[in-house]
Amino acid sequence: MQNLELVYLAIPLLCLAAAVGAGFLGSRIGRTHSHRVAIAGVGSAFVLSCWVAWDVFHGGYFNGPVYTWAVSGGIQFEIGFLIDPLSAVMMVIVTFVSLMVHIYTIGYMAEDPGYSRFFGYIALFTFAMLMLVMSNNFLQLFFGWEGVGLVSYLLIGFWYERESAVRANLKAFLVNRVGDFGFILGIAAVLSLFGTLDYAEVFKAAPSAKLEVFEGPWGVEWGAITVICLLLFVGAMGKSAQVPLHVWLPDSMEGPTPISALIHAATMVTAGIFLVARMSPLYEMSVAASSTVLIVGALTAFLMAFVAVVQTDIKRVVAYSTLSQLGYMTVALGVSAYSIAIFHLATHAFFKALLFLAAGSVIIAMHHEQDMRRMGGLRRVMPITYMTCLVGSLALAGIPPFAGFFSKDAIIEAVHHSSVPGAGFAYVSVLLGVILTAFYSFRLVFMAFHGPSRVDSHTREHLHESPWVVTLPLVLLAIPSVIAGFVLVGPVFDGSLLRDSVSALPVGEDGLALTAAGMLTHVPVSIPFWLAVLGIVLAWVFYSLKPDWPDMLAARFNRVYRVFLNKYGFDELYQKVFADGSRWLGEQLWQWGDRTVIDGWLVNGSAALVNKSSLLVRRLQSGFVYHYAFAMIIGLVGLMSWLFFA
Amino acid sequence: MEIFDGHLLSFLIWAPVLVGALVLLTGKDRRAPAARWIALGGSVVTFLASACLWARFDRGTAQMQFVERGDWISRFHIEYYLGIDGISLPLILLTTVLTMVVVIAGWEVIRTRVAQYFAAFLIMEGLMIGVFCALDGILFYLFWEAMLIPMFLIIGVWGGPNRVYAAIKFFLYTLLGSLLMLVALLFLYNATGGSFDILAFHAFPLSNSVQTLIFLAFFAAFAVKVPMVPVHTWLPDAHVEAPTGGSVILAAITLKMGAYGFLRLAMPIAPDAAADLAWLVVTLSLVAVVYIALVALVQRDMKKLIAYSSISHMGFVTLGFFVFDAQAMEGAVVQMISHGFVSGAMFLCVGVLYDRLHSREIATYGGVIKVMPVFAFFMVFFAMANAGLPGTSGFVGEFLVILGTFSVSGFYATIAALTLIVGAAYTLWMVKRVVFGAIKNTEVEALSDLNRREFWMLSTMAAAVLLVGVWPAPLLEVMQSSVQHLLTHLAVTKL
Chain F
497 MQNLELVYLA
507 IPLLCLAAAV
517 GAGFLGSRIG
527 RTHSHRVAIA
537 GVGSAFVLSC
547 WVAWDVFHGG
557 YFNGPVYTWA
567 VSGGIQFEIG
577 FLIDPLSAVM
587 MVIVTFVSLM
597 VHIYTIGYMA
607 EDPGYSRFFG
617 YIALFTFAML
627 MLVMSNNFLQ
637 LFFGWEGVGL
647 VSYLLIGFWY
657 ERESAVRANL
667 KAFLVNRVGD
677 FGFILGIAAV
687 LSLFGTLDYA
697 EVFKAAPSAK
707 LEVFEGPWGV
717 EWGAITVICL
727 LLFVGAMGKS
737 AQVPLHVWLP
747 DSMEGPTPIS
757 ALIHAATMVT
767 AGIFLVARMS
777 PLYEMSVAAS
787 STVLIVGALT
797 AFLMAFVAVV
807 QTDIKRVVAY
817 STLSQLGYMT
827 VALGVSAYSI
837 AIFHLATHAF
847 FKALLFLAAG
857 SVIIAMHHEQ
867 DMRRMGGLRR
877 VMPITYMTCL
887 VGSLALAGIP
897 PFAGFFSKDA
907 IIEAVHHSSV
917 PGAGFAYVSV
927 LLGVILTAFY
937 SFRLVFMAFH
947 GPSRVDSHTR
957 EHLHESPWVV
967 TLPLVLLAIP
977 SVIAGFVLVG
987 PVFDGSLLRD
997 SVSALPVGED
1007 GLALTAAGML
1017 THVPVSIPFW
1027 LAVLGIVLAW
1037 VFYSLKPDWP
1047 DMLAARFNRV
1057 YRVFLNKYGF
1067 DELYQKVFAD
1077 GSRWLGEQLW
1087 QWGDRTVIDG
1097 WLVNGSAALV
1107 NKSSLLVRRL
1117 QSGFVYHYAF
1127 AMIIGLVGLM
1137 SWLFFA
Chain R
825 MEIFDGHLLS
835 FLIWAPVLVG
845 ALVLLTGKDR
855 RAPAARWIAL
865 GGSVVTFLAS
875 ACLWARFDRG
885 TAQMQFVERG
895 DWISRFHIEY
905 YLGIDGISLP
915 LILLTTVLTM
925 VVVIAGWEVI
935 RTRVAQYFAA
945 FLIMEGLMIG
955 VFCALDGILF
965 YLFWEAMLIP
975 MFLIIGVWGG
985 PNRVYAAIKF
995 FLYTLLGSLL
1005 MLVALLFLYN
1015 ATGGSFDILA
1025 FHAFPLSNSV
1035 QTLIFLAFFA
1045 AFAVKVPMVP
1055 VHTWLPDAHV
1065 EAPTGGSVIL
1075 AAITLKMGAY
1085 GFLRLAMPIA
1095 PDAAADLAWL
1105 VVTLSLVAVV
1115 YIALVALVQR
1125 DMKKLIAYSS
1135 ISHMGFVTLG
1145 FFVFDAQAME
1155 GAVVQMISHG
1165 FVSGAMFLCV
1175 GVLYDRLHSR
1185 EIATYGGVIK
1195 VMPVFAFFMV
1205 FFAMANAGLP
1215 GTSGFVGEFL
1225 VILGTFSVSG
1235 FYATIAALTL
1245 IVGAAYTLWM
1255 VKRVVFGAIK
1265 NTEVEALSDL
1275 NRREFWMLST
1285 MAAAVLLVGV
1295 WPAPLLEVMQ
1305 SSVQHLLTHL
1315 AVTKL
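In the order they appear, the protein sequences are chains F and R. Position one of the first sequence corresponds to residue 497 (our numbering), numbered consecutively onward. Position one of the second sequence corresponds to residue 825 (our numbering), numbered consecutively onward.
Warning: the hint list may mix true and false statements.
[Unchecked claim] Sample of chain R residues facing chain F (criterion: CB under 8 Å; computed from the structure): (1) G980; (2) A1150; (3) S1231; (4) A1237; (5) A1248; (6) A1270; (7) D1273.
[Claimed, not checked] One side only, chain F facing chain R, incomplete, derived with CB under 8 Å: (8) W565; (9) F638; (10) F639; (11) E657; (12) L681; (13) E1083; (14) L1085; (15) W1088; (16) T1092; (17) V1099.
In short, the hints are calculated from the structure, not lab data. If you're wondering where the values come from, they're calculated on a predicted model, not measured in any experiment. For every residue, glycine included, the Cβ atom is placed at its ideal position computed from N, Cα and C.
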């Protein structure tokens, strides 16, 4: 298979064309045509992506430029594609989930006045995300990176009349910009060290640059590779919402649910994971960077899981769960298990998109009520939503043979075998995370779908299962949520899935080479499995058997409960220090620096000085002849005496 | 073709001035339509001429091109000496495009002294192109100072309530700086034995202390114009009081004069002093990037906010110049062009709102997107460009400057990169309060969306911003040889 170049080019451009068609012409071509255009574009991109993936898994590979963006200072900045197993996997995931979300949106946004605009945005998102994953260089990566950030901004603020939505999108953009601040410096560091932004050339030159250093302020020397890895990871932390840059993701739930599934669960937020995996040859060279990645990931994994446990908004539970799962992926990156991170990314994309869309299905049925305390017993009226949500929850909790079991267990095994500093802490964190994950996922299931109905009578009359455009994507997503783990686990471990597009798995003495059969037979003695079961049982006890226990516990351990409920106070701290702080500082600088010192004293002050001195000098011109005569006499005397004595 | 090329620059300078005079002849406001159409015609012809310039420019050389040289005042060896290189060419194109846009922007908005208004802009255009072409010190100085007059009138006559204060502040501030430049030019005239040839100044050896003094004299003139902290306070006042067109030209082009002056005069004439004092300029630039961005954050007036944002963005330009790196310097020139389009477009956006509600206060607006969706699209687009989003021109300059600066000093680059955060903060916070949210009051509710004229004016700007963002290669190609030549020149000591 040669000459797939046109296909590579067509994949993102079809999405872009769809975005332009639906977004700009939407009002002219009408709603139905808008979604047809968008779905046709993204659908064909999906088909073509599958073709490309099929080709790649039969040995296809492409690395080449599309056009020269600029030449500056002797360096060529190119826009180009790198098509290898990693990008192929990402392309399929992105276009598949995107297609599901497109179909789902027909039902979910049916009554929204911004219908075609929404399709324009999600198609544009797919374009930007594809540019990101298909890139063969850092520049285009940053293009896609900021592009998805832009669409995320636009979509979080989609319902722009809501104050909370436009606050959330500003916050999301700015927090991401903090990450980008590190990211762009990382790119600058790459360029100054290697003199190129092309991945392949950077990786080729990396081994010989191992001992290079950057000189920091005060003559401190930093290992160049470590600096690059850390700076790039700051970018990844922003986009993949790792502690402490995670604060934007829960607020992003202000956006419509389909985009929570597409952008804030399955694809965009995994861009950071993708980035580190892509950069794996560099991270392999710096234990310090790997260890940082590991610890940040572990912190995110268990801190956010605790918060998920106390949320009552159905979307926020899933959002915090996403944060926690992103932490798992980051942990995998930290222990050099890049292919396992991508494995979990893939399974997570399916079951988390499924969970979000299921939550969305509940939300439409409930007339935009998102509080789980006002739900209950929904399984009777929404059987398809219930079943698919249950599948998603089982996958998330890591129950065999669902997809999440394989990927999560693989991560835990990898951490267990790792010797990266911090691996012990990470191991405890991920084990703790397992029980919490199972607990909050089934807390959601029991609160929303089981037990007596707490739905108010008005809503109850209208409760019904969602239309087929909504349930079809649920079913289509449920399938890979069941089988993806089982199918992929072999290729992940024998390296046939990602080949050399990421650094190989560290194979320990006990052998990390897991197989599906091996993992399944291992289940009865697997600690994570029993922890997950324990979590589910606890959820059942607390939310089905003894529904008054949670409130009792919350009252008993009020202080701890409040810490979780306040999300550890990150938001308040950032609001005080960064938002209010910089406004206060700006106000001071403006009033004091600009208005008082520069304008008041220097500018208007010198004008006033001129004014005052002229007032003084003016007195000399009094208009009285005798004043002038007197001055002349004095002058004459002075002049003569000078001439005389000198 | 020889004759054509030989006088193209003169045509570009004097055609708008003459058309401006013609517009003046239409006189009273009852003949306003004639004034408008003549002005538009003149600006379009000038633009087409500048497009010829772009097409016929030889990208392979750093030599001055389209040179015109003749005696002017032979007694003092003052020459009529014009020529352009790859740095002045994009700036000329920026000038001609924006003059067109500004004429369109003032079309039905200006109702008093219409002929005089359009004449002022056309004459201004000719004078600004003159600055970018002049290769004789006195000619440069003349264009430089003459430019103040139309701008002074634009602010003083068609400006807001506090226009007189602002106009005088603008005039005195810039005049004070440029007088020192005149002193430096006169000194160089004597030192070189009676010539005002700028290229001869470049080659002329000077001692260290002389270089320092000359550099500081030029610095005074150019720092005010850029403007750099702490001589920037004229800009917010001038912008707030100026009519929309005045703000656009002020931000988009006159600020570039200062930066251009650094490249054409201050740096190549005194390269050693420029290297010695680079720390000062870099520090002031970084202060501009951070300090001014924080000040911009708390502005209540949209025009003031954009004015402060301009100062912050121009900090990137001077930073890029004074790290002496090819990427950074090319990035800085791209930033000059980009900022011309982006800040110009932002002022046009504010103008669109101001024409409707006669308020520039952020607090007056809210929820504009509901009633003006097309306008909101443009506003968000230009805001994103202002925040340096990749794919827009705003990114290219910032990106290259940060890359180039990093190879010189990671510390400088880190401070500069803070703009990614603060720049986005002040721009998008304004957008949030003006464009998004619930409709604030009945006045906002009654707003009408862009008319056709406004749509095309903003589309032109958006197309330019997008083109430079997606494919900056042609722009960089034009300036490459000249920037390389300048850097080589700067690297050789003159002592």
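How the hints compare with the structure:
no., hint, verdict
1, G980, "17 Å, violated"
2, A1150, "4 Å, holds"
3, S1231, "4 Å, holds"
4, A1237, "6 Å, holds"
5, A1248, "5 Å, holds"
6, A1270, "17 Å, violated"
7, D1273, "12 Å, violated"
8, W565, "6 Å, holds"
9, F638, "6 Å, holds"
10, F639, "4 Å, holds"
11, E657, "5 Å, holds"
12, L681, "5 Å, holds"
13, E1083, "5 Å, holds"
14, L1085, "5 Å, holds"
15, W1088, "10 Å, violated"
16, T1092, "11 Å, violated"
17, V1099, "6 Å, holds"
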